[in-house]
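Line by line, the protein sequences give chains A and B. So in numbering that gives the first Met the number 0, spot 72 of the first sequence is number 71, and the numbers just go up one at a time. So in numbering that gives the first Met the number 0, spot 66 of the second sequence is number 65, and the numbers just go up one at a time.
Derived by calculation from the structure, the hints in this document are not laboratory data. This one's a predicted model, so the numbers in the text were calculated from it and none came from an experiment. Ideal Cβ placement from N, Cα and C applies to all residues, glycine included. Be aware that one or more of the hints could be misleading.
Unchecked claim - Partial chain A-side listing against chain B, Cβ under 8 Å, derived: (1) S1; (2) L2; (3) K6; (4) D65; (5) E69; (6) S70; (7) R78; (8) R79; (9) V92; (10) Y107; (11) H108; (12) L110; (13) R208.
Unchecked claim - Taking lysine to aspartate or glutamate and the DMTMM-like style, the derived pairs with C-alpha atoms no more than 25 Å apart in a straight line are: (14) A:K114 to B:D370; (15) A:K72 to B:D370; (16) B:K2 to A:E113; (17) B:K2 to A:D167; (18) B:K283 to A:E140; (19) A:K53 to B:D370; (20) B:K296 to A:D80; (21) A:K72 to B:E301; (22) B:K1 to A:D80; (23) B:K1 to A:E113; (24) B:K283 to A:D80; (25) B:K1 to A:D112; (26) B:K2 to A:D121; (27) A:K53 to B:E368; (28) B:K2 to A:E29; (29) B:K296 to A:E113; (30) B:K283 to A:E184; (31) B:K2 to A:D80; (32) B:K1 to A:E115; (33) B:K1 to A:E29; (34) A:K6 to A:E29; (35) A:K68 to B:E368.
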Amino acid sequence: MSLLELKHIYKIYGELHALDDVSLKVEKGEWVSIMGPSGSGKSTMMNIIGCMDKPSKGEVLLDGVDIAKESAKNLTAIRRDKIGLIFQQFHLVNYLTAVENVMLAQYYHSLPDEKEALEALDRVGLADRANHLPSQLSGGEQQRVCVARALINYPEIILADEPTGNLDEANEEIVVDLFHKLHDEGTTLIVVTHDPEVAEVAQRTLVLRNGRLHKEIVNQNFTGKIHFEDMESFRKEEKGNA
Amino acid sequence: MKKSQMYMRMIFASLMRRRSRMLVALLSIAIGATILSGLVTVYYDVPRQMGAQFRNYGANLILTGTDGGFSLEDTEKALKVFAKDELVGAAPFRYENIRIHEHPVVAAGTDMEGAKATSPFWRVEGDWCSTDGQIMVGKNVAESFRLKAGEMLTLSFTPENAPKDTPDETIDLEITGILDTGGSEEDYVYLSLHDLETLTGAGDLDVCEVSVSAQSDQLKVYADQIGVTVPAISAHLVKRVTASETTVLSKLQALVLLVTVVVLALTMICVATTMTAVVTERRKEIGLRKAIGASDKSIIGEFLGESMMLGGIGGILGAALGFVFAQQVSVHVFGSSIRFQWLLVPVTILVSIVVTGLSSLLPIRSATEVDPALVLKGE
Ligand SMILES: Nc1ncnc2c1ncn2[C@@H]1O[C@H](COP(=O)(O)OP(=O)(O)O)[C@@H](O)[C@H]1O
Ligand SMILES: [Mg+2]
Numbered sequence: 000m001s002l003l004e005l006k007h008i009y010k011i012y013g014e015l016h017a018l019d020d021v022s023l024k025v026e027k028g029e030w031v032s033i034m035g036p037s038g039s040g041k042s043t044m045m046n047i048i049g050c051m052d053k054p055s056k057g058e059v060l061l062d063g064v065d066i067a068k069e070s071a072k073n074l075t076a077i078r079r080d081k082i083g084l085i086f087q088q089f090h091l092v093n094y095l096t097a098v099e100n101v102m103l104a105q106y107y108h109s110l111p112d113e114k115e116a117l118e119a120l121d122r123v124g125l126a127d128r129a130n131h132l133p134s135q136l137s138g139g140e141q142q143r144v145c146v147a148r149a150l151i152n153y154p155e156i157i158l159a160d161e162p163t164g165n166l167d168e169a170n171e172e173i174v175v176d177l178f179h180k181l182h183d184e185g186t187t188l189i190v191v192t193h194d195p196e197v198a199e200v201a202q203r204t205l206v207l208r209n210g211r212l213h214k215e216i217v218n219q220n221f222t223g224k225i226h227f228e229d230m231e232s233f234r235k236e237e238k239g240n241a
Numbered sequence: 000m001k002k003s004q005m006y007m008r009m010i011f012a013s014l015m016r017r018r019s020r021m022l023v024a025l026l027s028i029a030i031g032a033t034i035l036s037g038l039v040t041v042y043y044d045v046p047r048q049m050g051a052q053f054r055n056y057g058a059n060l061i062l063t064g065t066d067g068g069f070s071l072e073d074t075e076k077a078l079k080v081f082a083k084d085e086l087v088g089a090a091p092f093r094y095e096n097i098r099i100h101e102h103p104v105v106a107a108g109t110d111m112e113g114a115k116a117t118s119p120f121w122r123v124e125g126d127w128c129s130t131d132g133q134i135m136v137g138k139n140v141a142e143s144f145r146l147k148a149g150e151m152l153t154l155s156f157t158p159e160n161a162p163k164d165t166p167d168e169t170i171d172l173e174i175t176g177i178l179d180t181g182g183s184e185e186d187y188v189y190l191s192l193h194d195l196e197t198l199t200g201a202g203d204l205d206v207c208e209v210s211v212s213a214q215s216d217q218l219k220v221y222a223d224q225i226g227v228t229v230p231a232i233s234a235h236l237v238k239r240v241t242a243s244e245t246t247v248l249s250k251l252q253a254l255v256l257l258v259t260v261v262v263l264a265l266t267m268i269c270v271a272t273t274m275t276a277v278v279t280e281r282r283k284e285i286g287l288r289k290a291i292g293a294s295d296k297s298i299i300g301e302f303l304g305e306s307m308m309l310g311g312i313g314g315i316l317g318a319a320l321g322f323v324f325a326q327q328v329s330v331h332v333f334g335s336s337i338r339f340q341w342l343l344v345p346v347t348i349l350v351s352i353v354v355t356g357l358s359s360l361l362p363i364r365s366a367t368e369v370d371p372a373l374v375l376k377g378e
């Protein structure tokens with residue numbers, strides 16, 4: 000059984016089909032990238048997988064449970080127990096320090112554990128920034144706090160919606176490195192990105208266009224951080240479309 | 000770490016690190032609590048204050064002889080029926096006809112301290128008499144005889160049944176003040192009982208005015224008691240003053256109560272508005288908390304805890320400032336200071352917590368309906 004399976008998902012806003020008959024499977028431990036132009040439905044799909052939105056039609060099986068049919072209360076519980084979220088904007092509670100922000104996820108999940116939260120910050124290279132407020136951290140540092148918060152409860156899936164969209168190259172590299180480590184530990188990763196360099200390190204890249212699954216590129220040589228041939232042609236195609 | 004520790008840590012972080020925001024909310028809560036506790040203090044102190052005011056208005060019990068005069072000893076016996084701290088003052092009066100420059104004038108012998116207590120509204124230009132050998136003259140008397148404070152005055156008295164050629168008794172007294180009361184007192188002169196006795200010889204008292212700090216029911220009991228223990232004396236309530244005292248009191252209290260209720264309502268509206276603003280500007284944070292797995296219940300718990308904490312701090316400030324406020328009102332309106340009501344401290348804090356909590360509950364509940372997906376979308 001796949002960890003995640005979308006079966007003929009639609010999300011319809013009035014006339015607009017934000018998602019239009021999307022089906023896909025993600026296996027446990029897989030690393031999947033999602034690309035596509037702005038407005039193609041990437042965030043809509045992530046919201047549905049992340050239990051923050053429901054499809055207009057279709058089934059979403061997470062661990063065999065159809066989350067499209069769950070109540071809002073159960074969805075909160077599923078999100079808390081199984082999903083780690085990373086956003087494009089580094090959403091942190093602005094009056095809590097880095098370590099308190101990480102502990103917040105523990106607090107809602109089970110019990111806050113400052114030591115463990117500090118270890119998580121250490122993993123993202125922010126041990127010495129633990130007691131800084133978000134306003135005292137750079138954008139890259141804030142996003143790394145978000146990564147630490149997403150991984151603190153050992154979620155089955157980490158969903159990242161353009162996690163490097165607001166980062167400089169150095170921080171982008173740090174975050175991608177963290178994804179590698181998480182992947183090595185068996186965490187399932189679904190990463191939305193505009194950046195081919197971020198996409199190409201995944202095992203698979205799904206391309207959405209107008210709410211439909213337009214293309215799927217498999218990185219046959221996936222062993223870690225390497226290019227895959229298809230990426231070159233994909234880039235050319237993107238340029239052609241632009 | 001316990002969950003409750005993290006809960007407190009978050010609440011304090013929010014209060015301390017968002018100080019400037021919280022200060023605005025705190026200010027509105029504290030002002031509300033101040034006015035509220037101040038008004039309640041005044042409300043409870045009005046009877047005490049007004050009681051003092053009405054006692055100032057004069058005697059509320061009059062002692063007269065059952066038939067004719069009565070003695071000072073009887074009076075002292077009668078005054079023993081009052082509880083010690085209830086007796087504000089007693090002024091015995093003995094009236095005699097004397098003469099000033101051969102014109103008849105009524106002289107009243109009294110106890111000056113007692114008269115001061117039972118008739119504090121007497122205005123004296125100059126000073127009250129403080130020892131024997133002094134006299135206060137009514138304004139009309141002073142005008143008729145062109146008398147001034149500081150001058151000496153000779154009173155003369157012709158004893159009844161005195162043989163034809165006996166000279167008049169006289170006494171020289173120093174005028175300490177001119178009495179201005181707007182009443183019949185202005186036609187009299189006031190001197191000590193002792194001086195009057197020196198001039199006219201021993202005699203009975205005519206009346207004794209008593210000021211007691213008791214309500215009319217209790218006064219009636221006292222009056223009856225005096226009639227029984229000292230048959231020579233009958234005690235009468237001065238009904239008009241005591242009755243009006245009670246009506247004015249209850250009207251005043253009702254007024255203060257009305258103002259208190261209106262202020263409470265206004266405070267609630269003000270605090271609710273502030274809390275709505277505080278919660279609304281944190282919709283994004285609420286969305287984020289939901290996105291990382293907070294249930295509506297825990298979010299309500301956190302925000303409610305925060306606003307109740309705010310209410311508590313505002314209540315403490317309000318209780319303290321409210322006393323200062325009530326004190327100012329009391330000093331300026333009643334001219335006397337107020338007693339600190341310890342019970343009002345916990346009550347103010349509690350009311351402040353409940354009002355703040357209740358008025359933030361609604362905006363918090365509506366904020367939990369925020370869609371966490373909006374946060375993810377970065378809107
Ligand atoms: N709440 C909504 N109401 C109406 N239209 C929406 C809503 N959310 C998204 N859309 C529309 O759905 C489409 C897909 O949006 P989105 O998933 O955010 O795109 P992407 O993340 O790929 O840029 C867009 O055209 C967007 O305008
Ligand atoms: Mg998007």
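Hints and how they fare:
1. S1: violated, 23 Å
2. L2: Interface hint status for L2 (chain A): violated (19 Å vs cutoff 8 Å).
3. K6: The hint is violated - K6 (chain A) has no Cβ within 8 Å of chain B, the shortest such distance being about 21 Å.
4. D65: violated, 19 Å
5. E69: Violated, about 14 Å.
6. S70: violated, 12 Å
7. R78: Check passed: Cβ of R78 (chain A) comes within 5 Å of chain B, closer than 8 Å.
8. R79: holds, 3 Å
9. V92: holds, 6 Å
10. Y107: At about 4 Å, which falls below the 8 Å cut-off, the nearest Cβ of chain B leaves the hint on Y107 (chain A) intact, so it holds.
11. H108: holds, 6 Å
12. L110: holds, 6 Å
13. R208: Violated, about 19 Å.
14. A:K114 to B:D370: Judged against 25 Å, a Cα distance of about 32 Å means the pair is violated.
15. A:K72 to B:D370: Satisfied, since the Cα-Cα distance of roughly 13 Å is no more than 25 Å.
16. B:K2 to A:E113: holds, 12 Å
17. B:K2 to A:D167: The hint is violated at about 37 Å.
18. B:K283 to A:E140: With a Cα-Cα distance of about 20 Å, the restraint between K283 (chain B) and E140 (chain A) holds, given a limit of 25 Å.
19. A:K53 to B:D370: Holds: K53 (chain A) and D370 (chain B) sit about 12 Å apart, inside 25 Å.
20. B:K296 to A:D80: holds, 17 Å
21. A:K72 to B:E301: holds, 18 Å
22. B:K1 to A:D80: Given that 25 Å is the threshold and the Cα spacing comes to 19 Å, the pair holds.
23. B:K1 to A:E113: Holds, because 11 Å separates the two Cα atoms, which is no more than 25 Å.
24. B:K283 to A:D80: Roughly 22 Å between the alpha carbons, so the hint for K283 (chain B) and D80 (chain A) holds.
25. B:K1 to A:D112: This hinted pair holds, its Cα atoms lying about 9 Å apart.
26. B:K2 to A:D121: holds, 23 Å
27. A:K53 to B:E368: Given pair K53 (chain A), E368 (chain B) holds - Cα atoms ~15 Å apart, limit 25 Å.
28. B:K2 to A:E29: Judged against 25 Å, a Cα distance of about 34 Å means the pair is violated.
29. B:K296 to A:E113: holds, 24 Å
30. B:K283 to A:E184: Not satisfied, since the Cα-Cα distance of roughly 32 Å exceeds 25 Å.
31. B:K2 to A:D80: holds, 17 Å
32. B:K1 to A:E115: Holds: K1 (chain B) and E115 (chain A) sit about 14 Å apart, inside 25 Å.
33. B:K1 to A:E29: The given pair, whose Cα atoms are some 35 Å apart, is violated under the 25 Å limit.
34. A:K6 to A:E29: holds, 18 Å
35. A:K68 to B:E368: holds, 19 Å
In this structure, the earlier hints numbered 1, 2, 3, 4, 5, 6, 13, 14, 17, 28, 30 and 33 are contradicted, and the remaining ones agree with it.
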